[in-house]
Amino acid sequence: RVSSDGEPPKFQPPPKPVIIDRKTQKEERRFLSPEFIPPRGRTDPLKYYIERKDMIQRRKVFNIPEFYVGHVLAVTTADPYASDKSKRFVGICIQRGGKGLGATFVLRNVIEDQGVEICYELYSPRIQAIEVLKLEKRLDENLMYLRDALPEYSTFDVNMKPVPRMDHEEIPVNKLQVRMKPKPWSKRWERPKYNIKGIKFELPEHKMKAAQKWSQPWLEFDMLREYDTSKIEEKIWKELSEELEK
Amino acid sequence: SITGACRAIQKLTCVRVVDNSTLGNTPYHRPPKCIHVYNKTGVGKVGDKILLAIKGEKKKALIVGHKMPGSTMTPRFDSNNVVLIEDSGNPIGTRIKTPIPYTLRRREGEFSKVLAIARNFV
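Top to bottom, those sequences are chains A and B. Residues in the first sequence are numbered from 1 upward in steps of one, following the numbering used here. Residues in the second sequence are numbered from 1 upward in steps of one, following the numbering used here.
Hints are computed from structural coordinates only; laboratory data are not their basis. Hints are supplied without guarantee of correctness; some may be wrong.
Said to hold, decoys possible - Listed below are the simulated DMTMM-like cross-link pairs for lysine to aspartate or glutamate, each with C-alpha atoms no more than 20 Å apart in a straight line:
#, chain 1, residue 1, chain 2, residue 2
1, A, K197, A, E141
2, B, K97, A, D157
3, A, K87, B, E108
4, A, K60, A, E121
A quick note: this is a predicted structure, and the numbers were derived from the prediction, not measured.
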């Protein structure tokens, strides 16, 4: 380029290359699927060890993405009675239950004013693909109250495109306060037993106070109910990383 | 539907008619209720035939979806859905907007006409 003065342009050194060490960043954040953690009980840990081996085998063949309750997923399953032998269902994950190979998750969507929920097994060979369309955690781990909420909170477009994910670090928490249909509800969600933070209760004050009668504040201090999973998680994480590297 | 914690369909359950027939869609002061389930057990699941009482008349119907959770991979609906049917098995309505489970396709021979008028499958 020639500048207006006729002199050669000032030398500008090239920008320094920014080295992003992606390997260390990925190692910092690890997600252990909740179905790997064995429940508290007196069963032989050998059973859980064998189940974990089978789960890892399945994960090597089929990619199960990391997802939490509140994500919007699209699942394609094989079905002999469907056209093209496969069917696709899009929905928000309400609940993740079960441990080991029987781990399930429930997807909910409202199609043509009709609420539909399907309970899928994570490790079922009938599942052909799981795609995460929208990544967001909610304030609770159990979104069963969406059944009694206004249908607009459970509707998701079937042809929704996957929302591109920006950071590889954090999963955004959606602090949405959901509005409910008028009572009666399927469960009394205002009671402290459910400990729900994601509902905008429009009930009068005396009803909220009356619901607090059923609170059990001693439960959080109960030592017999404690289940510390940090050490178990460490062991399982080591096992997993060894097996997956093979 | 009006019933609260109802499970599968049995006698005296209120039911929601899902096709576009006049009998199912005209408002009446009483909701359509099941009077009899054509089953060995009195409990109706998806694909069973029942007798409904609508607007003072008796009509047969086919269960298309219920609130009770079934096996995994099968859909669970938020209301007990039903399609009005004749004795021969021909549906009375001409269109079914609400989604219908794929499991009904197994009995293609009996329900072929109902499946033909269905739009969405789940």
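Hints, one by one, checked against the model:
1. A:K197 with A:E141: With a Cα-Cα distance of about 10 Å, the restraint between K197 of chain A and E141 of chain A holds, given a limit of 20 Å.
2. B:K97 with A:D157: holds (17 Å)
3. A:K87 with B:E108: Between K87 of chain A and E108 of chain B the Cα gap is close to 18 Å, so the pair holds against 20 Å.
4. A:K60 with A:E121: Between K60 of chain A and E121 of chain A the Cα gap is close to 17 Å, so the pair holds against 20 Å.
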